[in-house]
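Assemble the complex: chain A is given as a structure, and chain B must be docked to it using the hints.
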Amino acid sequence: MKFMIEKRDLLAITSMVYRAASNKNTIPVLSGLLLESDPDTGLTMTATDMEIGIRASTDKIEVMEKGSVLVNAHYFFDFVRLLPESQIFIELNQESAQLDIKYGRSSGFINTYRDYEYPALPLKKIKPCFSISQEVLKEALKKTVFAAAGTHFRQVFTGVLFDLGEGGKLNVVASDTHRLARYSCNINPDAPEPLSFIIPTRTANEILRLLDDSPEEINIGLSNNNVSFYRKNFLLLSRLIEGQYPNYEQVIPRSFSYKVKLDTQVLADTLERARVIPSDDKLKIQYTRFKFEENEVEVNSYSEIMGEITEVIELKDPVEGEGELNISFNTNYFFDVVKMLEGEAKELLINLSSILGPAMIVNPQKDNYLYVLVPLRTSN
Amino acid sequence: MDIFFSIVGQERASSLLQKSLETGTISHAYLFLGPAGVGKMSCAQAFAQAIIGRDDNDAMVFFRERIHPDLLILEKEEGRSVISKEQISQKLEPWLGLKPYRASHRVAIIRDSQLMSNEAANALLKNLEEPPEYAVIILIADDQNILETIVSRCQLVRFNSLADKDIEQILRNREVEPLKAAQAASLGQGSVATAIRFAQQEDYEKIWETSRNIITELSGEEIVEVYKSAERMELAPELIVNLLISLLRDINIYQQTRKEELLVLPGSSELASSIRKVQPQHLTAALDKIMNLKNYYRSNVNSLIINVNISYEIWQAFNS
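Protein chains in written order, with this note's numbering: chain A, 1 to 380; chain B, 381 to 700.
Worth flagging that the hints you see were computed from the coordinates, not collected in a lab.
Just so it is clear, the structure is predicted and the values come from calculations on it, not from any experiment.
Do not take every clue at face value.
Cross-link-like lysine-lysine pairs, in silico, DSS-like; alpha carbons within 30 Å at most [as the list claims (entries may be wrong)]:
hint: 1; chain 1: B; residue 1: 586; chain 2: B; residue 2: 608
hint: 2; chain 1: B; residue 1: 657; chain 2: A; residue 2: 24
hint: 3; chain 1: A; residue 1: 66; chain 2: A; residue 2: 7
hint: 4; chain 1: B; residue 1: 657; chain 2: B; residue 2: 639
hint: 5; chain 1: A; residue 1: 284; chain 2: B; residue 2: 506
hint: 6; chain 1: A; residue 1: 7; chain 2: A; residue 2: 138
hint: 7; chain 1: A; residue 1: 261; chain 2: A; residue 2: 138
hint: 8; chain 1: B; residue 1: 674; chain 2: B; residue 2: 586
hint: 9; chain 1: B; residue 1: 471; chain 2: A; residue 2: 284
hint: 10; chain 1: A; residue 1: 102; chain 2: A; residue 2: 66
hint: 11; chain 1: B; residue 1: 456; chain 2: B; residue 2: 669
hint: 12; chain 1: B; residue 1: 471; chain 2: A; residue 2: 124
hint: 13; chain 1: B; residue 1: 560; chain 2: B; residue 2: 586
hint: 14; chain 1: A; residue 1: 316; chain 2: A; residue 2: 339
hint: 15; chain 1: A; residue 1: 24; chain 2: A; residue 2: 142
hint: 16; chain 1: A; residue 1: 142; chain 2: B; residue 2: 471
hint: 17; chain 1: B; residue 1: 506; chain 2: B; residue 2: 471
hint: 18; chain 1: A; residue 1: 316; chain 2: A; residue 2: 291
hint: 19; chain 1: A; residue 1: 124; chain 2: A; residue 2: 169
hint: 20; chain 1: A; residue 1: 282; chain 2: A; residue 2: 346
hint: 21; chain 1: A; residue 1: 125; chain 2: B; residue 2: 674
hint: 22; chain 1: B; residue 1: 465; chain 2: A; residue 2: 284
hint: 23; chain 1: A; residue 1: 169; chain 2: A; residue 2: 346
hint: 24; chain 1: A; residue 1: 366; chain 2: A; residue 2: 169
hint: 25; chain 1: A; residue 1: 127; chain 2: A; residue 2: 142
hint: 26; chain 1: B; residue 1: 465; chain 2: A; residue 2: 24
hint: 27; chain 1: A; residue 1: 24; chain 2: B; residue 2: 456
hint: 28; chain 1: A; residue 1: 259; chain 2: A; residue 2: 124
hint: 29; chain 1: A; residue 1: 60; chain 2: A; residue 2: 102
hint: 30; chain 1: B; residue 1: 465; chain 2: A; residue 2: 282
Listed next, the stretches of chain B that the computed footprint assigns to chain A, with coverage defined by at least 3 CB atoms under 8 Å from CB atoms of chain A [what the hints assert, rightly or not]:
hint: 31; stretch: 435–445
hint: 32; stretch: 455–462
hint: 33; stretch: 504–514
For each residue, glycine too, the CB sits at the ideal point set by N, CA and C.
This is chain B alone, in the form it adopts within the complex:
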């Protein structure tokens, strides 16, 4: 059976892992690197289940209940912005110190490992240098912000952004209606997780409408709109920012080329024609900054402050 059948669009990664399972050359540490929400975690879990399932025939029962004693998933604790050293030294290390219970391997998955504090990363290094022979550590990371010394001790498995049609397929598999699936897929910008959030959003229409309004208002001259928009974004900050980014790109392209076939979102051409013209270099600079700003939604920052910053970047692009 192909254990990676449910992982769509990551053929390179899954064939690499599949091969190492077939030949039995499983390395002690993997780094799954790629954009957020493209299937790294699903892939890691499938891989872990395959490793453990090789010598534990009843493993599926335990996976279903999420209690397999030889699988550990380490995540950032709620209310904290980093994975702390204590999580490594007091949770992971003692766990790795015990021999396997049912299988012949123990698999630890560290989710969002880019969020490890420096102390945590250094504590992890010790484990990566001299792992017990049964240990498999899978690090999952969204970006390159990881100690070089850790990267060099792991086998790197790259994950790419997904094509829209793959995301659409995944959404359809989850019984999302076709039209919505197509729209959400193009909004996902290569990330299934984002696309699913769009598709599951109940007030989808409202978010859509809000985002257009924000662009219209911010393209005006009134600076007070920066604050008004920021408040409106509170409805669903991350989703709206993603939408804004897509819209601004479309506007940029349409205002330069007037070619509708190049646009991602339906109806952006009307929006683009209804607002003031914007200098491409200003907009590109603003988009760069917004891409950076939106990463802060995941850390311990008040979302309203991020909204204000993002709104200001957009307003400034139109007004300089």
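This is chain A alone, in the form it adopts within the complex:
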């Protein structure tokens, strides 16, 4: 194989693909990056650890000789990343099985794997399903994936649910049973039959990294076991998580006794300070107590060891609802959503029902996103 390519084009495609390669597995093919050059199709790179697989290609390249080679993905990426901005000339030396990389008057080489049998991505059974604008998908995942559980004995909670209902209404949902984030959007009207699937959070995070902020669409294809996100010159394949996602609509409260509007920036700053207070021995979770009164909110975080912070946030509009309410939340869970909405909403609407009833946090200007947060039961 022999080709010439601009460093920025080479880096663009390498950085997309290399993260799918395993960095712990000692088996060469899984930590490898497969490069294929062809005068007709350009340069294609593939990497997979068999949990997810990514393939990307570029035609901004001059291919002198067709060929394919397998190199260690992480070494290759590190090398390419640090190359100077110039034309890069890459050639496989058949005899020594080295991949020569020349830039300007300098050069280097990377050893390649010989006699490999690269596991083809199982794409045959994948059927095109629907497409969605990249910026919408990006927003949907960004606003939900953090709410999924790191580990949970019910595996469905370690993933992000895509729930496509009648008429192209798509809900993207993640929950760890203590909180739930739901993002809704509509996809193109000729949508397929209702369906749902659950992708692992790792996949969600990889897609987030690879999506553009553009209205250009990305396609989603499904087989029984795998999901594929693809557009021109790019494809990501991931396994699905097995299991029935519980009916999340049931846990979204419909009626509330209290409604409060809070300045997002003020609340974010307050919660960030509250996070300084460490967790207690009794309750191993950092929590913050809120006292909602008619015209103000008192926010308190306390630790026997470190100290206490009490802040009062004055309200522009009085609290809708009768009497005062004391309620405690996991500081980090609350902070996550406030931080997430900080950029887009000047004010947040917090809906509350009772001391132990779930709260719902939304941007009052929009109705496509909601965050349900279950309060903590604290001793006082």
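Same frame as chain A, but now just chain B:
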């Protein structure tokens, strides 16, 4: 093709599995139960490959590289004496939660599942109760020391000790020379794994010699020999103990019956005549205890301490 062709002497187990493959009635969980080193693991791997290979034509490439994404082998971690709960809840469970990648089944093999801690076993129970429909869990165990609740949720597949001629055949297949194969087979006591270890041992002769010496010395009256023998056993503790057991049995039989044809090991009759006579009931009691003691070699116990205990049992049998 008979996928179990390489499994010798386990016709009952392999025909049962073969049948379930042919009829397609593959159950969600199997318990392969039988003595150590009789082919349970080889059988489990062959079975797993057959299940996965049914709908993944390229599976063999992945098996060869040991990277098939739909096959998981869970083993005790190095330096630990049990299979921990974390291995079940953080490795097996998330793995089972993902759908198959290439095949339509995912097979998890848990090796030495008798070593699961109670917490691990209980965590596994949840998976056995409601497995995903594509899951096949194969538990491999050497002894019955497994929660009844787990046993009742698995299809039991029994493996028996192998006949000497089968073990000999397996060793011959591995190009062990005939005489050595025959000797190692009879020392294996029904276990291929033990027999192979004998056959591969380089200082085979030395181990043999050491074992005889230990018996000769321990049949004397000097209690200090208990410690000396224990140190000599360090050469290859498990192998030597296996040899000692066989030798003691032979001695017992020969001293009672004087019939050479009943003996397993060559030359035990000379050994038996050269040492003091031992009371059969004492020797049988000692053998029972030794059989239990030798299981500790597999757990986290200093082998020298086990050696001392075993030597003492032998010495006591001759001196009471």
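| field | Unmet hints by their number, sorted upward, for this structure | value | 2, 20, 21, 28, 32
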